[in-house]
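Trainee: Each protein sequence line maps, in turn, to chains V and P.
Position 87, counted from 1, in the first sequence is what this note's numbering calls 87; the numbers after and before it change by one each time, with no gaps.
Position 259, counted from 1, in the second sequence is what this note's numbering calls 259; the numbers after and before it change by one each time, with no gaps.
Since the hints were derived computationally from the structure, they do not count as laboratory data.
On a predicted model such as this, the values are computed, not experimentally measured, just so you know.
Built from N, CA and C at the ideal position, the CB exists for glycine as well.
There may be inaccurate statements among the hints.
Using 25 Å as the maximum straight-line C-alpha spacing, the simulated BS3-like pairs for lysine-lysine come out as follows [claimed, not checked]:
1) Lys234/V x Lys27/V
2) Lys110/P x Lys64/V
3) Lys64/V x Lys108/V
4) Lys64/V x Lys236/P
Facing chain P, according to a computed beta carbon distance under 8 Å, are these residues of chain V, among others [as the list claims (entries may be wrong)]:
5) Asn49
6) Leu51
7) Asn88
8) Lys105
9) Leu237
Now for the letters of each chain:
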Amino acid sequence: MIIQIDHLVKRFGQNEVLKDVSLGVNKGEVISIIGSSGSGKSTLLRCINLLESYQSGSIQFEGKNILSSIKEINSYRAQVGMIFQSFNLFSHLSVLENCVIGQMKVLKKSRADSERLALETLEKVGLAQFAKTSVMTLSGGQKQRVAIARTLCMEPKVLLFDEPTSALDPEMVGEVLNVIKSLALEHRTMIIVTHEMSFAKEVSDRVLFMDKGIILEDGTPDQLFNNPKEERTKEFLSRFRTQ
Amino acid sequence: MITILSKIPNDLWGASAYIFSKYAPLFYFGAKNTLIIALSGTIIGLIIGLGIGILRALPVYDYDSKLKHSVVKFIRFITSIYVEVFRGTPMMVQAVFIYNIFLPVFKNAKLFAGIVIVSINTGAYMAEIIRAGIQSLDKGQNEAARSIGMNNFQTMVFIILPQAIKNAFPAIGNEFVVNIKDTSVLNVIGVTELFFQSTTVAGIIYRFSDTFFVTALIYLFLTYSTTLILKYVEHKMNLGGYDGPQSQTTPLIKAHYVEKEKTL
Ligand SMILES: Nc1ncnc2c1ncn2[C@@H]1O[C@H](COP(=O)(O)OP(=O)(O)O)[C@@H](O)[C@H]1O
Ligand SMILES: [Mg+2]
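In isolation and in its complexed conformation, chain P is listed as follows (with noise of 0.2 Å):
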């Protein structure tokens, strides 16, 4: 122990260069769970997010039932309850709550509780993305859908989803890159990521700042290459249509540019 500690450069840099080299496997295996976590809760609560976004957003037209109408006011309640309550409350706090309560189900499967536990917070950030892509639309678009005969569930699949998706990109991107940071709160349970194995390294050799300079470069590693992925994927995105204020006068393109047509 003494010959490790007498090992350790005294300098910043130099000492975080030797806490990494000594303790990779360690900070790598903390890493890939954080990585996992927070892919598999974005990704879940992206899910959750839709089912909930699109129950928010269900529409009642006056002509529709008494019945309809007062479900749909009770589905807004609900769901309202959630999205509340999973972003009003802090996620450490989320985690303790709900990892004591499922005890029994999740026994010592602290990663899969992981996921369940920001799944379930993503959940409700998602469901608010969602909304307000759906919200954002031109109500023109649902319009002229509901105008050529499509019902409900065609407008929201067809028209509304696919361009609400497109608008939320973004938000969706970055609460992934949220979840990276935010899943060492998960430490609180026991979960082995990131700061859970960084705890465990500077408790081998008492180090805190040079072990958890180590950390927050990794942290910065995985967010910033995280960003750098989704607006490279933004752009190609964008790249189907041009999305800007435009001339109503000129077309931008010429006939002799278009594909030739498929023959049927």
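Isolated chain V, as found in the complex (with noise of 0.2 Å):
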């Protein structure tokens, strides 16, 4: 187990987001998560990187307790990648120096080094060609591999994707799954919140349907999407198909 979520407990004020979520999730495993909207997908993800805190519950990543030493947040945070919905590049760099920073500011790195490990990042998600342009002038698509290849050149050893691909054009979807398929190949531990079902039964290793603040099914992309136990998975697959 990389990450050892136990009976995770979220609110915001009164709103009780996360009701006691147990999860754990083996090293090079690629888990995708599902369910409607406000079931607290997001909350999850943004706990196990510790953009949110919670109130009870713990979770561990390499067999540590993530909280027990605030010193050592940052450096956790950094094993840990988040791709944000929204892409959230840093808009007053150029796209090489979104990927270099990180390493230099966090990891300490040599500029040479982290430039050297920037570009081969970027070529790896398409954008070398792009390497010393303003990010504001990237389509949606190509800020997100950015935003990928941004987290990757900090070699976390999870990845965090927050629905990757729900800002994008139609036709800019593509383009991004595929970096993530790729990743996927490369046997990364992967969590995944996302909306494309086909997406999610080809690369997920383990498929999580979410609802009102619990994981209500957990299984194989077959079982679950092809076998689904309960009512409201059947339910809430059924709305996507029709749609």
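Taking the hints as your guide, dock the two standalone chains into a single complex.
Mentor: Structure follows, in structure tokens:
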């Protein structure tokens, strides 16, 4: 287990958004999370990355409680990369600098080493020729690929994707999903919140269905998509198929 | 005396031209001091404002210790007193108060006193400008920085501030223009800035409206040329990236416009 979540509870004021969520993530596993909007998917990812704290329960990363040392929170975060729906690229920096700054400031690598890895990574997501460009001028699909490259440059052990294609025009979804697929082939540990059902089916080792703050169903893509046990899962999937 | 007075033309423009040419060195001296005080006051005020603005925007998170929460609360309280007091009282009152309290320090260094007063006053406004600049940024910028492992300091210095300052630049520049005009209140403690000098000139020749017409034109010249320069700098700063709404569908530039990659 690289990540072990036990009885996680998260409330925003009175609103209990995660109710006793437990989840183990194996190294190299690709997990997709599906579920309707407001079911707590983003909040779960944000708790794993500690962008949100939580009221009770625990999250262990490589056997260590992530809240045991406040001082190590930043170095923990660098190991758990997050890709956001709205990209959140650093808009005052070039494509290359977006990928370099974390390596230099957080990992304390030299500029030459950082640029080398940045260019390699940009090559991988098909954007090396845009290295010197301002991120403001990119298309949405390109922005998201830069965001993925920026995260990869930190060489994280786990990647968290929060609806990486939801803000994109339909014709750009493919280019981003292809990049994520290539990462899945490298057996990286990934948790992907997505509404792209066929993609989830294709890349995932496991699919979770979240409903009203709990993980209602957890199984292989085949079990979950072709043979869901829970009524709510069936209902959710049927809504998706007819759309 | 009589001879000088009788030589002054009677129409506004004629009188003004005469007064300006006759007392140019006095006006020049005042205008120079006005600019010195306004410029130093704005720059020092900006430095104060950056410090205070950052302190006021310091983030705390749920997982931070109780101690850190109380320290941040305390800092916000103290800095808000500074900001509210200096924004909520006239600079003329501040000038008299500060000058007299620190009289043993300032002695006759009135120009220095003027710079100190304008700096402290401007700092309060700048603090709010910087804080607003920080808070206007999308919170995704902060989250992305933290998610790659940056600490609060790195997030602030490398991600938030560069963008906040750029966004706040027009407001920062405006403070400079305001200061050029507002240094006139330092006349109350006898700083020899433009207003003080004008009073002197008007007192010599007993022609207030004509003299202060010249004064107004000089202030207007100073503020308008400053505004033009600031606009130019702003324009230059914005060339780096396109900030407006944009389609996510079409890339605005093609690969061949991109500079050749540096070989490493
Ligand atoms: N910062 C926040 N403050 C208060 N409530 C929030 C916040 N973020 C999310 N919520 C609430 O938590 C619930 C789950 O949200 P979220 O995790 O974003 O769901 P999902 O990603 O599955 O759509 C929603 O009811 C939402 O309104
Ligand atoms: Mg969400």
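Trainee: Please go over all the hints and tell whether each is borne out by the structure.
Mentor: Now the hints, each set against the structure:
no.: 1; hint: Lys234/V x Lys27/V; verdict: violated, 29 Å
no.: 2; hint: Lys110/P x Lys64/V; verdict: violated, 63 Å
no.: 3; hint: Lys64/V x Lys108/V; verdict: holds, 24 Å
no.: 4; hint: Lys64/V x Lys236/P; verdict: violated, 50 Å
no.: 5; hint: Asn49; verdict: holds, 6 Å
no.: 6; hint: Leu51; verdict: holds, 6 Å
no.: 7; hint: Asn88; verdict: holds, 4 Å
no.: 8; hint: Lys105; verdict: holds, 5 Å
no.: 9; hint: Leu237; verdict: violated, 29 Å
Hints 1, 2, 4, 9 from the list above are not met by this structure, while the remaining hints are.
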